[in-house]
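Go ahead and model the full structure; you've got the sequences and the hints to work with.
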Amino acid sequence: MNSLPQDAATTAELHRQLEAMRPALLRFALLQLRNESQAEDVVQDALIAVLEKPGRFAGQSSLRTYVTGIMKHKIIDVLRSSSRERQFEPAEDQSDDDLIDSLFTNDGHTHELPRNWGDPDATLEQKDFFRVMEICLEKLPAKTARMFLMREWLELDTEEICKELGCSASNAWVMLYRARLRLRECLDLNWFGRQPAADAR
Amino acid sequence: MSLKPTCKEVHRLVSEGLDRDLSLIERARMQMHFLVCQACQNFNGQMKLLRQAMRNFRIADAPSAPDQDRP
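Protein sequence lines correspond, in order, to chains V and C. Going by this note's numbering, the letters in the first sequence line up with residues 2 to 202, in that order. Going by this note's numbering, the letters in the second sequence line up with residues 81 to 151, in that order.
Calculated from the structure, these hints are not laboratory results. Cβ atoms here follow ideal geometry from the backbone N, Cα and C, with glycine treated the same way. Do not take every clue at face value.
Under the rule of at most 30 angstroms between Cα atoms (straight-line distance), these lysine-lysine pairs were calculated in the DSBU-like manner [said to hold, decoys possible]:
#1 V:K128 to V:K140
#2 V:K75 to V:K164
#3 V:K128 to C:K84
#4 C:K88 to V:K140
#5 V:K144 to C:K88
#6 V:K128 to V:K75
#7 V:K164 to C:K128
#8 V:K140 to V:K75
#9 V:K128 to V:K54
#10 C:K128 to V:K144
#11 V:K75 to V:K144
#12 V:K75 to V:K54
#13 C:K128 to V:K75
#14 V:K164 to V:K140
#15 V:K140 to C:K128
#16 V:K164 to C:K88
#17 V:K144 to V:K128
#18 C:K84 to C:K128
#19 V:K144 to V:K164
Under 10 angstroms between C-beta atoms, here's a sample of chain V residues computed to sit facing chain C [what the hints assert, rightly or not]:
#20 M22
#21 D46
#22 R65
#23 T66
#24 I77
#25 D78
#26 G109
#27 P115
#28 G119
#29 K128
#30 D129
#31 R132
#32 A170
#33 R179
Right under this line is the structure:
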């Protein structure tokens with residue numbers, strides 16, 4: 002029982018804040034579901050769920066965390082409840098086998114020393130980090146992004162992912178490896194390469 | 081499989097270690113390699129950050145000018 006009296010002004014403000022998040026939520030849901038109407042449903046469900054159970058959050062960033070978390074569970078529900086498209090052509094990213102090869106010399110050493118990205122906690126506190134992360138996720142090939150998000154955001158294991166996408170485990174490991182390499186490159190270029198502090202040798 | 085793992089092998093193991101349980105031998109090869117290889121150590125750190133970031137993912141602020149900081 003929620004006995005806290007919610008005055009109209011607070012509800013209106015929450016409403017406004019949630020509406021402001023809708024485009025970003027939709028973009029992100031789409032990245033995972035690749036289906037406009039499913040994505041809209043999930044976002045709508047998540048927003049309603051928050052309005053019905055506003056919970057407690059200290060400010061904007063915690064509200065975003067809360068909404069994102071609720072949407073995540075809605076998406077997992079959708080993925081689990083539907084036996085949607087099973088046709089999965091892992092060929093998508095095959096063309097860049099050289100993506101992996103290009104990092105290494107013939108005798109298997111790295112061409113370049115990967116940058117030390119420093120303390121993860123400090124990075125994740127930065128306000129714009131997740132924006133850059135999202136841009137990098139959007140740049141992944143569609144299926145690679147789906148698989149990566151299922152694994153890393155929804156935290157499904159490879160077995161469940163392959164059941165959903167119809168791929169072999171070893172196939173999934175290679176695709177996830179590629180996804181990580183691409184994200185790493187994008188973040189290194191657009192985030193870590195621009196942070197003077199993290200770059201201090 | 082040679083005695084000493086290459087960076088290429090260790091990079092792959094670092095990634096696969098996030099998706100499956102590595103064998104004892106694979107883990108040992110990886111750890112031995114880390115002792116002498118800054119490149120793979122740094123790569124491992126990068127992969128850990130990626131994982132932590134996705135586990136804590138939240139949508140960003142509603143951007144007022146969405147494209148302004150696109151690379």
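Now for the hints, and whether the structure bears them out:
1. About 21 angstroms separates the Cα atoms of V:K128 and V:K140, which keeps this hinted pair within 30 angstroms; it holds.
2. Distance restraint check for V:K75 and V:K164: the Cα-Cα separation of roughly 19 angstroms lies within the 30 angstroms cut-off, and the hinted pair is therefore satisfied.
3. Between V:K128 and C:K84 the CA atoms are separated by roughly 42 angstroms; this puts the pair beyond 30 angstroms, and the hint is violated.
4. Between C:K88 and V:K140 the alpha-carbon distance is near 24 angstroms, which keeps this suggested pair within the 30 angstroms criterion.
5. Restraint check for V:K144 and C:K88: the C-alpha separation of about 24 angstroms stays at or below 30 angstroms, so the hint holds.
6. A C-alpha spacing of about 25 angstroms is found between V:K128 and V:K75, which places the hinted pair at or below 30 angstroms, so the restraint holds.
7. As the CA atoms of V:K164 and C:K128 are separated by approximately 26 angstroms, the hinted pair is consistent with the 30 angstroms bound.
8. Annotation: proposed proximity of V:K140 to V:K75 holds, straight-line Cα distance about 24 angstroms (limit 30 angstroms).
9. Of the pairs offered as hints, the one joining V:K128 and V:K54 holds, with about 26 angstroms between alpha carbons and a cut-off of 30 angstroms not exceeded.
10. Straight-line distance between C-alpha atoms of C:K128 and V:K144 comes to about 22 angstroms, which keeps the hinted pair within the 30 angstroms bound.
11. With a C-alpha separation of about 20 angstroms, the suggested pair V:K75 and V:K144 falls inside the 30 angstroms cut-off, and the hint holds.
12. Restraint check for V:K75 and V:K54: satisfied, since their Cα atoms lie roughly 15 angstroms apart, inside the 30 angstroms limit.
13. For the hint pairing C:K128 with V:K75, the CA-to-CA distance comes to about 26 angstroms; that is within 30 angstroms, so the pair holds.
14. Restraint check for V:K164 and V:K140: satisfied, since their Cα atoms lie roughly 25 angstroms apart, inside the 30 angstroms limit.
15. For the proposed pair V:K140 and C:K128, the alpha carbon gap of about 21 angstroms is at most 30 angstroms, so the pair holds.
16. With a C-alpha separation of about 29 angstroms, the suggested pairing of V:K164 with C:K88 holds against the 30 angstroms cut-off.
17. This hinted pair checks out: V:K144 and V:K128 have alpha carbons roughly 28 angstroms apart, not beyond 30 angstroms.
18. Straight-line distance between C-alpha atoms of C:K84 and C:K128 comes to about 24 angstroms, which keeps the hinted pair within the 30 angstroms bound.
19. Note on V:K144 and V:K164: the hinted pairing holds, with a Cα-Cα distance of about 15 angstroms set against a maximum of 30 angstroms.
20. The interface hint given for V:M22 is met, as the beta carbon of that residue sits about 6 angstroms from the closest beta carbon of chain C, less than 10 angstroms.
21. Hint status for V:D46: violated, given a least beta-carbon distance of 16 angstroms to chain C, over 10 angstroms.
22. With a least beta-carbon distance of about 5 angstroms to chain C, the hint placing V:R65 at the interface is held under the 10 angstroms criterion.
23. Hint on V:T66 holds. Least Cβ distance to chain C is approximately 4 angstroms, under the 10 angstroms limit.
24. About 14 angstroms separates the beta-carbon of V:I77 from the nearest beta-carbon of chain C, more than 10 angstroms, and the hint is not met.
25. At its closest, the beta carbon of V:D78 sits 18 angstroms from a beta carbon of chain C; the interface hint therefore is violated under the 10 angstroms criterion.
26. A least Cβ separation of about 3 angstroms between V:G109 and chain C falls short of the 10 angstroms threshold, and the interface hint therefore holds.
27. Given hint, V:P115 at the interface with chain C, holds; its Cβ is 4 angstroms from that chain's nearest Cβ, closer than 10 angstroms.
28. With 10 angstroms as the threshold, the beta carbon of V:G119 comes within range of chain C, its nearest partner Cβ sitting at about 8 angstroms, so the hint holds.
29. For V:K128, the interface hint holds, the least distance from its beta-carbon to any beta-carbon of chain C being 7 angstroms, beneath 10 angstroms.
30. The criterion of a C-beta within 10 angstroms of any C-beta in chain C is met by V:D129, whose closest approach is roughly 7 angstroms, and the hint holds.
31. Checking V:R132 against chain C by beta carbon gives a least distance of about 4 angstroms; that is within 10 angstroms, so the hint holds.
32. Because the smallest distance between the Cβ of V:A170 and any Cβ of chain C comes to about 7 angstroms, under 10 angstroms, the interface hint for this residue holds.
33. Taking 10 angstroms as the C-beta contact cut-off toward chain C, the hint placing V:R179 at the interface holds, the least distance being around 9 angstroms.
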